[in-house]
Amino acid sequence: MKRTYLGEFEEIVLLAVAVLNGQAYGVLLMHEIIEQTDRSVRLNQVHSALQRLEEKGMVRSEMGEPTNERGGRRKRLFSVTAFGQRTLHEIQEVRASFWQRLTPTLKFSV
Amino acid sequence: MQHQPPGLADRFLQFFCAPHLLEEVQGDLHEEFEYQVERVGIRRARWRYWRDVLGFLQPRYIKRKPSQYPQTYLFSLNMIRNYFKIAYRNLQRNKAYAFINVLGLALSMTCGILIFTLVNYHLSFDNFHKNSDRIYRIVTEMHMENVSYDRGVPAPLGQVVRNEHSFGEKTARIATVTDRLIILKKGSELIKLKEPEGIAFTEPSFFDIFNYPLLQGNKNTVLVEPNTAILTQKMAKKYFGDENPIGKEFWLENRIVFTVTGILKDLPPNTDRKTEIYVSYPTLKSYNSWLASDDSWGGVDDAMQCFTLLRPNVSATQAENAMAPYPKKYRPSSKNVHHYKLQPLSDIHFSTLYDGPMDKQNLWILSIIGFFLIITACVNFINLATAQALKRSKEVGVRKVLGGFKGQLFGQFITETAIISAISVVIAILLSFLILPYANDFFDAQMSLNLFSDSQLSLFIVALGVIVTFFAGSYPGLILAGFQPVIALKGKLSHQTIGGFNTRRALIVTQFAISQVLIIGMVVVIRQMQYAKQSDLGFDKDAIVMVQVGADSTDIKMKSLKHDLSTIAGVEKISLCRAAPSSGNIWTNTIRFDNQTEQVNFGTNMKAGDEAYLSTFDLELVAGRNLFPSDSVKEFLVNETFTRKLNFSSPQEAIGKVIAANGGSMRGPIVGIIKDFHDLSFHAEINAVALTTNKDDYSNYAIKLTMATAKTTLNAIEKAWTAKFPDQIFEYEFLDESIAQFYETEERFLKLMTLFSIIAIFIGCLGLYGLVSFMATQKTKEIGIRKVLGSSLAQILWIFGKEFARLIVVAFLVAAPIAWWFMNQWLQDFKFHITIQPWIFVVAIAITLFVATLTVIYEATKAALVNPVKSLKSE
Chain Y
4 MKRTYLGEFE EIVLLAVAVL NGQAYGVLLM HEIIEQTDRS VRLNQVHSAL
54 QRLEEKGMVR SEMGEPTNER GGRRKRLFSV TAFGQRTLHE IQEVRASFWQ
104 RLTPTLKFSV
Chain A
2 MQHQPPGLAD RFLQFFCAPH LLEEVQGDLH EEFEYQVERV GIRRARWRYW
52 RDVLGFLQPR YIKRKPSQYP QTYLFSLNMI RNYFKIAYRN LQRNKAYAFI
102 NVLGLALSMT CGILIFTLVN YHLSFDNFHK NSDRIYRIVT EMHMENVSYD
152 RGVPAPLGQV VRNEHSFGEK TARIATVTDR LIILKKGSEL IKLKEPEGIA
202 FTEPSFFDIF NYPLLQGNKN TVLVEPNTAI LTQKMAKKYF GDENPIGKEF
252 WLENRIVFTV TGILKDLPPN TDRKTEIYVS YPTLKSYNSW LASDDSWGGV
302 DDAMQCFTLL RPNVSATQAE NAMAPYPKKY RPSSKNVHHY KLQPLSDIHF
352 STLYDGPMDK QNLWILSIIG FFLIITACVN FINLATAQAL KRSKEVGVRK
402 VLGGFKGQLF GQFITETAII SAISVVIAIL LSFLILPYAN DFFDAQMSLN
452 LFSDSQLSLF IVALGVIVTF FAGSYPGLIL AGFQPVIALK GKLSHQTIGG
502 FNTRRALIVT QFAISQVLII GMVVVIRQMQ YAKQSDLGFD KDAIVMVQVG
552 ADSTDIKMKS LKHDLSTIAG VEKISLCRAA PSSGNIWTNT IRFDNQTEQV
602 NFGTNMKAGD EAYLSTFDLE LVAGRNLFPS DSVKEFLVNE TFTRKLNFSS
652 PQEAIGKVIA ANGGSMRGPI VGIIKDFHDL SFHAEINAVA LTTNKDDYSN
702 YAIKLTMATA KTTLNAIEKA WTAKFPDQIF EYEFLDESIA QFYETEERFL
752 KLMTLFSIIA IFIGCLGLYG LVSFMATQKT KEIGIRKVLG SSLAQILWIF
802 GKEFARLIVV AFLVAAPIAW WFMNQWLQDF KFHITIQPWI FVVAIAITLF
852 VATLTVIYEA TKAALVNPVK SLKSE
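Going line by line, the protein sequences match chains Y and A. For the first sequence, counting from 1, position 89 maps to 92 in our numbering; every step adds exactly one. For the second sequence, counting from 1, position 326 maps to 327 in our numbering; every step adds exactly one.
Check the hints yourself; a few may be wrong.
[Stated by the list, open to error] Straight line, CA to CA, 20 Å or less: simulated SDA-like cross-link-like pairs of lysine to any residue:
| hint | chain 1 | residue 1 | chain 2 | residue 2 |
| --- | --- | --- | --- | --- |
| 1 | A | Lys-66 | Y | Glu-65 |
| 2 | A | Lys-803 | A | Glu-745 |
| 3 | A | Lys-275 | A | Thr-353 |
| 4 | A | Lys-635 | A | Asn-695 |
| 5 | A | Lys-646 | A | Leu-681 |
| 6 | A | Lys-392 | A | Gly-8 |
| 7 | A | Lys-64 | Y | Gln-48 |
| 8 | A | Lys-64 | A | Ile-81 |
| 9 | A | Lys-563 | A | Asp-632 |
| 10 | A | Lys-64 | Y | Glu-58 |
| 11 | A | Lys-235 | A | Ser-189 |
| 12 | A | Lys-658 | A | Leu-681 |
| 13 | A | Lys-64 | Y | Glu-35 |
| 14 | A | Lys-66 | Y | Glu-58 |
| 15 | Y | Lys-59 | A | Leu-22 |
| 16 | A | Lys-193 | A | Lys-646 |
| 17 | A | Lys-66 | Y | Glu-35 |
| 18 | A | Lys-395 | A | Asn-695 |
| 19 | A | Lys-407 | A | Leu-78 |
| 20 | A | Lys-64 | Y | Arg-79 |
| 21 | A | Lys-186 | A | Leu-78 |
| 22 | A | Lys-66 | Y | Glu-13 |
| 23 | A | Lys-186 | A | Lys-275 |
| 24 | A | Lys-195 | A | Asn-132 |
| 25 | A | Lys-66 | Y | Glu-93 |
Note that these hints are calculated values from the structure, not bench results. Keep in mind the model is a prediction, meaning the values are calculated, not measured.
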């Protein structure tokens with residue numbers, strides 16, 4: 004199968020971008036991820052992941068409007084590309100197919 | 002917003018973060034900061050902010066996005082290559098300009114490097130001893146009519162200091178006798194060697210004080226037994242070749258035999274101790290019993306020196322105070338009051354009072370001269386470069402239009418300067434290597450240039466290159482880089498915009514003032530030397546040769562040789578004597594006069610010679626008669642000064658009065674008065690002189706030769722002499738030559754002055770050349786117009802001539818009083834000297850004008866001959 008691989012953290016960031024539906028940007032993503040996963044995430048990690056994702060073509064970005072709370076600075080807003088969406092689906096499919104084969108044994112063992 | 006994130010962190014972020022990422026990153030950080038302030042408070046939020054900012058310190062955020070426009074870098078490889086190419090082409094095109102610049106810089110840098118090496122060499126003297134700050138030499142101040150200084154001490158002093166005081170941790174006496182004959186016996190064959198550095202009778206503790214390591218032999222036992230010696234490696238090799246030198250023997254003047262018991266490591270070049278043969282101190286008794294005796298407090302021989310290593314925490318003054326009672330105790334009756342002083346080791350090399358080999362002041366003067374030479378060479382470079390600047394205005398314009406920054410253009414011109422100064426440095430290093438042997442000879446030094454191992458020197462050379470580059474290159478570089486492109490391209494730049502004409506003039510004036518001071522000084526020194534060497538000294542010094550009496554001569558041998566010599570054809574007169582009327586070998590004595598118990602308060606220069614002394618040296622008697630022949634002290638002759646010092650109104654009155662000299666052992670009446678003659682160099686007043694007969698004091702034959710046959714006569718003398726003293730070396734010296742040696746320092750000073758005045762004139766001329774080429778370009782139009790209006794060539798040349806004549810005259814007005822003052826000061830060193838006459842100044846200005854004309858005439862004529870059509874056409 005020929006596709007770009009995603010790291011675990013990248014996958015989470017990509018999912019978060021997808022969830023936030025066009026409103027995703029650095030700090031917000033960070034808080035979202037912290038809330039959902041309960042792990043400590045630093046801003047530079049998020050930014051790096053976003054940059055890598057953009058290089059891989061899974062997200063695209065544009066500058067938003069200037070905002071007051073950021074001292075008039077603009078946000079860079081991220082949204083998932085079609086390629087990114089397909090990649091997420093593919094990942095889920097792979098996982099699902101494994102889970103399917105795993106489910107009975109798991110059930111028995113539980 | 003009430004809360005601000007830490008400003009420093011923010012600025013740091015702005016510094017390192019790529020501009021295209023900065024906005025979003027900083028925005029996020031600020032937003033997060035606000036959030037954290039709410040959550041955890043301002044203090045911790047600020048900490049977090051720092052932590053977050055540092056988190057972004059990664060290549061990913063630092064790397065700048067490639068711009069869509071090509072960027073100009075200050076230091077791009079291509080451009081630097083281009084600078085070199087253009088610089089090379091420029092130098093190629095202006096060969097004369099490049100040549101002059103390189104020559105001027107290289108010459109001054111050579112001086113700089115050599116002077117640096119010399120100064121460094123002298124400052125490094127005797128710096129390799131442990132505890133060198135505690136090592137002192139005990140010296141003697143002698144208070145008589147005047148205070149005089151002697152680096153020696155009475156021989157027993159060292160022993161007394163050691164026995165009676167504890168201020169010295171170690172104290173050592175060392176008696177050095179120079180210029181001695183050493184004899185090696187190989188079977189029946191005698192090998193005779195003259196050792197100019199002589200041998201030193203040394204107490205073993207000398208080697209505890211000083212760091213001259215012993216390679217062979219036992220440190221505790223060498224130099225203890227009489228007749229033992231240690232040699233340096235070099236000396237051992239010279240004497241005994243590759244054989245083991247330990248246990249070998251050598252003779253001092255065929256009188257005393259020494260056995261080698263140890264070998265010293267070769268002495269480093271930077272020590273004032275040059276003696277390479279050390280023999281045990283107890284042997285001194287058999288060599289010079291007076292010097293070795295424990296009560297020879299009567300006199301000071303500067304051969305006898307005493308060094309001490311003070312205990313820690315003892316000051317020199319304390320030690321001097323401890324020695325203060327000695328003169329009273331040991332020399333109670335002497336009118337010559339001694340004060341024993343401690344001279345620090347670091348002072349010995351530089352002390353003028355105690356005959357240190359180098360005056361520190363001279364080193365300073367040399368450094369200043371070197372500095373001045375480099376500065377003037379740089380300034381000349383600036384002059385020439387700005388004169389050339391106009392030619393390159395178009396280039397600057399084009400470069401600027403194509404997007405060159407000021408900084409880049411500056412870089413370009415600095416590169417050109419760097420090339421010139423790099424070439425100069427290389428030439429200067431080569432020249433230094435070539436000149437070094439001569440410099441060593443000249444300064445009597447053993448300097449070496451170790452470019453790679455001597456980090457100070459290599460650092461100096463690199464610094465020299467860099468500083469010269471920036472000093473010389475900055476001003477022209479800034480001027481060129483500052484051209485307005487529009488004006489530059491239109492060709493509307495004039496020299497007014499470059500400016501600094503008066504600065505240039507001031508510079509030329511300074512340069513020529515210095516040259517003229519040096520020239521005037523040179524002429525004065527030459528005149529004084531001529532005066533000292535050629536004027537009548539009051540005795541005959543021509544065609545007189547001084548031959549030493551053999552070391553172990555008995556009276557009979559001495560007299561029979563005199564007889565043999567007097568029969569040789571070509572020997573006109575011969576006298577046995579102690580020394581010539583004027584000699585460096587002085588024996589000063591305080592006498593008692595006319596049976597008085599008190600000594601007189603002046604020193605008398607004692608001479609010993611037989612009845613032929615007066616006629617041989619053609620000395621004149623003003624009263625009385627010559628000495629009668631005698632072998633011992635019977636009668637005295639004195640000079641006019643002697644009678645004057647004793648307040649006789651006429652010389653005649655002194656005749657018949659009795660003199661007692663040398664503590665009463667020499668006694669006799671005055672029988673005649675000699676007309677005053679110069680018994681010392683022209684530096685000193687004429688002393689009181691007393692001459693007597695005493696065969697024990699004779700050490701020379703003074704032989705007046707017929708000059709025409711001098712060579713054959715000398716050969717015959719040598720044969721007769723060697724027949725009497727087969728185990729010694731025949732030596733002779735012409736009197737006029739040994740008198741000339743009085744002025745060795747002055748001769749050296751003269752040579753140095755000549756050298757520097759040539760260099761100064763040369764560099765001054767480079768400056769002149771720079772100025773004239775500058776003027777020529779500046780006045781192109783003016784000359785064109787004048788020619789059109791009918792000026793003649795001579796009139797145009799006078800435009801230049803007027804300018805330079807004026808500058809040189811101004812320089813002369815500055816130089817003349819300075820030179821007069823300095824040289825007058827210098828002449829004060831001589832008790833007998835010339836007066837500075839006006840013609841000397843005329844010579845100086847004439848020489849300068851002549852050289853300046855030679856420099857200027859070519860450029861000026863070239864400018865004057867330009868066709869006015871050409872110079873006026875272009876606008």
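Taking the hints in turn, this is what the structure says about them:
1. A:Lys-66 <-> Y:Glu-65: holds (17 Å)
2. A:Lys-803 <-> A:Glu-745: violated (43 Å)
3. A:Lys-275 <-> A:Thr-353: The hint holds at about 19 Å.
4. A:Lys-635 <-> A:Asn-695: The given pair, whose Cα atoms are some 8 Å apart, holds under the 20 Å limit.
5. A:Lys-646 <-> A:Leu-681: Status holds; Cα separation ~17 Å.
6. A:Lys-392 <-> A:Gly-8: The hint is violated at about 51 Å.
7. A:Lys-64 <-> Y:Gln-48: holds (17 Å)
8. A:Lys-64 <-> A:Ile-81: violated (25 Å)
9. A:Lys-563 <-> A:Asp-632: The hint holds at about 14 Å.
10. A:Lys-64 <-> Y:Glu-58: holds (15 Å)
11. A:Lys-235 <-> A:Ser-189: Violated: Lys-235 (chain A) and Ser-189 (chain A) sit about 25 Å apart, past 20 Å.
12. A:Lys-658 <-> A:Leu-681: Cα-Cα ~26 Å, so violated.
13. A:Lys-64 <-> Y:Glu-35: violated (28 Å)
14. A:Lys-66 <-> Y:Glu-58: holds (14 Å)
15. Y:Lys-59 <-> A:Leu-22: Status holds; Cα separation ~18 Å.
16. A:Lys-193 <-> A:Lys-646: violated (47 Å)
17. A:Lys-66 <-> Y:Glu-35: violated (30 Å)
18. A:Lys-395 <-> A:Asn-695: violated (91 Å)
19. A:Lys-407 <-> A:Leu-78: holds (18 Å)
20. A:Lys-64 <-> Y:Arg-79: It holds: about 19 Å lies between the C-alpha atoms, which stays within 20 Å.
21. A:Lys-186 <-> A:Leu-78: violated (73 Å)
22. A:Lys-66 <-> Y:Glu-13: Roughly 23 Å between the alpha carbons, so the hint for Lys-66 (chain A) and Glu-13 (chain Y) is violated.
23. A:Lys-186 <-> A:Lys-275: Given pair Lys-186 (chain A), Lys-275 (chain A) is violated - Cα atoms ~25 Å apart, limit 20 Å.
24. A:Lys-195 <-> A:Asn-132: violated (35 Å)
25. A:Lys-66 <-> Y:Glu-93: Given that 20 Å is the threshold and the Cα spacing comes to 33 Å, the pair is violated.
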